[in-house]
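Colleague: This is what each chain is made of:
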Amino acid sequence: MALKQLIVREVKAALRNPAFIASLVLLFAFYTLIGGAARSGISQAVEEAMSMRVAVVVEENTRLVNTLLQNLNSSLGGGVRIYPSVESALSGNTYVFVFPKGFTESSLALGKMPELKAFIKIDTFSQVAIQSRVSFVQSIASLISTLLSRAIALLYNMSIPPQKTVTVETTAIAFGKAMSVSEINSLLNFSMAAMFIVSFIMGITTSFAAGNTAIEKVEKAFEMLLAQPIPRRDIVLAKILGAMIIALLNGVIYFIALYIMLYSMTSPISTAPTSSGTGTIEAIMTNIGWEALGYIVMPLIIGLIYSGAIGVVIGSISSDERIAGVLATPITFLYIGLAIVSMFINLPVNTTSAALYGILVAPLPYIYIISKLSNSLAPIAIGTATAITSCIAIITIAIIVFNRDTVILGIKWSRKKRET
Amino acid sequence: MLSSGGVAVEVRNLTKVYGGGVVGVSNLSFSIREGEIYGLIGPNGSGKTTTLRIIATLIKPTSGVVEVFGVDVVKEPLKVRQLINYLPEEAGAYRDLTGYDFIRFMLSLRFSGRRLEEAVSEAIEIADLGNALKRPVRTYSKGMKRLLALSTVLASRPRLLILDEPTTGLDVERSIQVRQMVAGYSKEYGITVLLSSHNMLEVENLCQRVGILYRGRLVAEGSVEELKVRTGSRNLEEVFMRVRG
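Top to bottom, those sequences are chains B and D.
Position in the first sequence (first residue = 1) + 12 = my numbering.
Position in the second sequence (first residue = 1) + 35 = my numbering.
Hint data in this document are derived by calculation from the structure and do not stem from the laboratory.
One or more of the hints may lead you astray.
[Said to hold, decoys possible] Cβ pair distances, simulated, as ranges:
(1) D:250 with B:400: 49 to 57 Å
(2) D:207 with B:230: 35 to 43 Å
(3) B:294 with D:54: 56 to 64 Å
(4) D:233 with B:400: 47 to 55 Å
(5) B:400 with D:79: 23 to 31 Å
(6) B:404 with D:100: 28 to 36 Å
(7) B:21 with D:149: 49 to 57 Å
(8) D:105 with B:49: 55 to 63 Å
(9) B:404 with D:171: 21 to 29 Å
(10) B:275 with D:114: 54 to 62 Å
(11) D:100 with B:29: 37 to 45 Å
(12) B:264 with D:206: 42 to 50 Å
No experiment lies behind these values; they were computed from the predicted model shown.
Where a beta carbon is used, it is the ideal one built from N, C-alpha and C, also for glycine.
Isolated chain D, as found in the complex (with noise of 0.2 Å):
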């Protein structure tokens, strides 16, 4: 077992620039404890992608360390993927698999054997998509895409879980379908999870403490009634228009 003295997510001095100059995001540091759930928020282009993308490993910071679990993202990308599984926006699924059989392919990366199908008995029952399953990807509405994708990352139980904005594009059923998914997994697994969000209310409701992000900078971070106090405002939507300046 890894020790990272309960910190499960250490970004330090983080910046992200891309071809061309363009800044992702710049100075960035902030910490997750475990089991926590985290909210990062921001409008478009704040650099919330570019900050769960480096975390997942999946592109590399300009420079900065970010280390999950006391594992350092770019030294030990394959150690740091075990720890974690990532839901990107707007994640898919493979169009010609079924359901059932994206399930399957996307747990067997992961476990083999008797593990593999409990897991795969987890994620159908997380997804809920009954006979639905057994028909092809392509016919699924964009909510069904989701949660089939949302069903494989929870049934794997990583201990870190990294969600790119975990509902949109879905009604609010679902939403609140989603979000109770991820607070039950992370209450009764002590499963860490980072989620970037524009929905300040799913913020408000799901997270213990929330980063707010404004042109690759965070320019606030604290628990939300915290950021509440320090701001004066009545909602989460309010500290954001006054932290923004």
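Only chain B is shown next, with the shape it has when bound in the complex (with noise of 0.2 Å):
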């Protein structure tokens, strides 16, 4: 029995705290929210894709690749398109196929298999649209497979052997940037890795900040401090820079600890890196070289103050620590929510995209690979100054509130009570 009230008792405590209310239904309103955002961009990648015009280059023409594409066009609704090179044609479609010379005779050879070159446009910050990408190539390519076992059959009266399959030669062209599939893949693994670090340590600098300050509060040493010479602006800067060294410390810690762990994990036999492992780094030298690094720095820096100033804000406006971890637990989740759904949003890239990437500062990353890509400064320039202006927002409203009532007071959650 004593048990059970004491659970009960537990229970209660949670559940008649305002702050654990409000936090459940923001995660529940932001996760929904983020959901519906990321199903959309699913949904118009998929349509986007199954939509797309193919264009094709055709470098031999013979009655077989004619005959292939009438087909092409038919089974694809009238959406192929002839262009004269891959330059015109990734002008204005996302998918271009080449017919390559040779295609004829390595289709009707014995021990040959046709191959086909494609090429991805990617313009878009969302993995899912360029998966999808990558994923509708792969079936144009199965589609033509088929295709060309009837073409050959239908002109030839002959059949070829089954296991014979149109192979195709993939390269993105990301942001004007030629590249492979997996080199491309790499960069996004590379930009989701980063997005997670800086979005897991913003939340652990949100957390001590937040906590740090309403313990404060809890060891009454708070208004002592509050009535010093000194202005608010320091007292609030100080915990900023302390939670931030906290929470670098506390990220490192946790990375090479975690780094020991799968290293450990690892089987002895398989000593030599895995190809994967390699041509990731491959990649990531090969087209950003040792900015990679400060890819991550950069955006880790801006995400510790601005998560470390709104730290303060929720532990400034709590009267006690349980309501700062209540408040502060969901803006971890937060960050990591938008830097995940970042990655399914089919944002164009452009003045806005890059400056709500900014705002949220988490996703950073990606807008700096991006930029790399493309050779364009703007992205970058964009992101950042928006992410900075943000912290400063966000610094200036924790001064601010520093100089209300409110750091005294709290936020009052339960209902009036009469002051002394």
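Fit the two chains together into the complex; they arrive one by one in their own frames, and the hints show the way.
Modeller: Pasting the structure below:
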């Protein structure tokens, strides 16, 4: 019976905490919203892939190729367009297939495999859109394989072995730069990992800053501190910088421990580096270089200041560390959620999207990579400027809160009480 | 040096209304002379802490004017903070610091160099906690924490010392010790003291003048003797019961 009473008491304490309820509502609303946004992004990417025209460049004009193209055009509902060169085809299309010289011969000769070249234009932030475009190319290659056997049977009254399929060598034109699909995947994985690291450490910073500020109130030293002849601005900055240092220390130890754990878990037999790991590093070094390190460090520094300031604001409006913790936890999930959702929303690369990602800070590594690939300073400049502006805005809010009654009284969550 | 014509604190028509329309204090006016020990008394919810927090620049008034040595607490809060020090109700200290580190930290926010060392030595003497100063504050009793906090505010020798319920939770011996220290510092260094208390005996013994707050309003003010004579009371408790109506 006593245990039951104790459990009921614990649960009631949480349920009667308005900050806890507010955090639940916030989390639910936010994840429903990002779920909807991600779903919309996925649908949009799939629809886009399915509805897009297929541009074709023909390097050899044979009966087989012409028949194949006619059949392909019929199968795609008239979505095939012929262009004289890859450049002209890419200017108005997302997918370009090239029927190279020797395609007919490879198709008809025994022991040879017909090969197509494909080009995919990557001009979006969305990983879903990128993956759906790659998948679409594979599905078109598969369709051409099917149509090829029919065309050969029709034209030459012969059948080709079923294992003779059309292979496709795909090149991604990512923001104007040519690279393999595995390279673009490596860069996407790198940006995902960078965003996760940044958002994770931002979450730690917010929790530390909020907790430390609220604990100071519980320790009853806060009012004494605020009555000292020091500008509130200095107190706010000290709290943000303190939280940054602690979070960095925590983050570094966490990731070293994680690395050691993963390293220890690796089979002693597989001592050689995996090809995928080497490929990722190679892709990063080839396409970005050592600047890649800066693509994590810069957002990390901005993110630490940003999240530290948010933590200080949360701590300053909370009456104790319990409420601060309840409010800071969903914020941590928001950082990670926003970083992940940015990979799903099919935003075009422009000033608005670069600014939006700058406001969120965590997706900054993505913008930096796009800037690098497209040889355009605009996204990196807009994203960084917006992120720094956001930091300054939040620090200003923190200083304003520290200069208001709220910092002493906290936000009233419960019923009104007479103050003394 | 600021010139305030011998007036340390001037409160004129002070009103504080919190969110939701809850009134903290209403149309409050009083003044405190330089070097004086002034006591604010009243029951819970009468507006004592609200008044002290406004004077200490921690919260802002809804209307009215509050000046400390002629400096407006709203317009120039940082300047006011250079003139005051504040001991909040149930003031504690950072749990992770030792008593010594806490003293040093709080005083380093005001002083540096030789003056800091002098102030730290003075605070150590006031706190009189011996070897306990080397222990973390989390191991301290409530009374020890109170003394530690008080030592830092006294050693800073502000021109105005604001004490909110300075002896609440302390035993008789410690309470007497605190009162003696406050009175001694006020006399020796000419420090003006504004304190709030529930303890009528404390106020009667310590304060030269008293303001009685009830439901956010100042219902009586004067020296203890004046109030007793005016109301025909034997002590301050009786004065309070009569003036509140």
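Colleague: Please go over all the hints and tell whether each is borne out by the structure.
Modeller: These are the hints, each one checked on the structure:
1. Hint check: residue 250 of chain D to residue 400 of chain B, Cβ distance near 50 Å, so the stated range 49 to 57 Å holds.
2. Taking the beta carbon of each, residue 207 of chain D and residue 230 of chain B are about 28 Å apart, not inside 35 to 43 Å as hinted.
3. Residue 294 of chain B and residue 54 of chain D have their C-beta atoms about 60 Å apart, which keeps the hinted 56 to 64 Å range intact.
4. Between residue 233 of chain D and residue 400 of chain B the beta carbons are some 51 Å apart, a value that agrees with the proposed interval 47 to 55 Å.
5. The supplied range of 23 to 31 Å is broken by residue 400 of chain B and residue 79 of chain D, whose beta-carbon atoms lie about 48 Å from each other.
6. Range check, residue 404 of chain B to residue 100 of chain D: about 34 Å between beta-carbon atoms, so the 28 to 36 Å window is met.
7. About 55 Å separates the C-beta atoms of residue 21 of chain B and residue 149 of chain D, a value consistent with the hinted range of 49 to 57 Å.
8. The supplied range of 55 to 63 Å is met by residue 105 of chain D and residue 49 of chain B, whose beta-carbon atoms lie about 58 Å from each other.
9. A C-beta distance of roughly 37 Å is found between residue 404 of chain B and residue 171 of chain D, which places it outside the suggested range of 21 to 29 Å.
10. About 59 Å separates the C-beta atoms of residue 275 of chain B and residue 114 of chain D, a value consistent with the hinted range of 54 to 62 Å.
11. Between residue 100 of chain D and residue 29 of chain B, the C-beta spacing of about 39 Å keeps the proposed range 37 to 45 Å intact.
12. Between residue 264 of chain B and residue 206 of chain D the beta carbons are some 48 Å apart, a value that agrees with the proposed interval 42 to 50 Å.
Going through the hint list in order, the structure does not satisfy hints 2, 5, 9.
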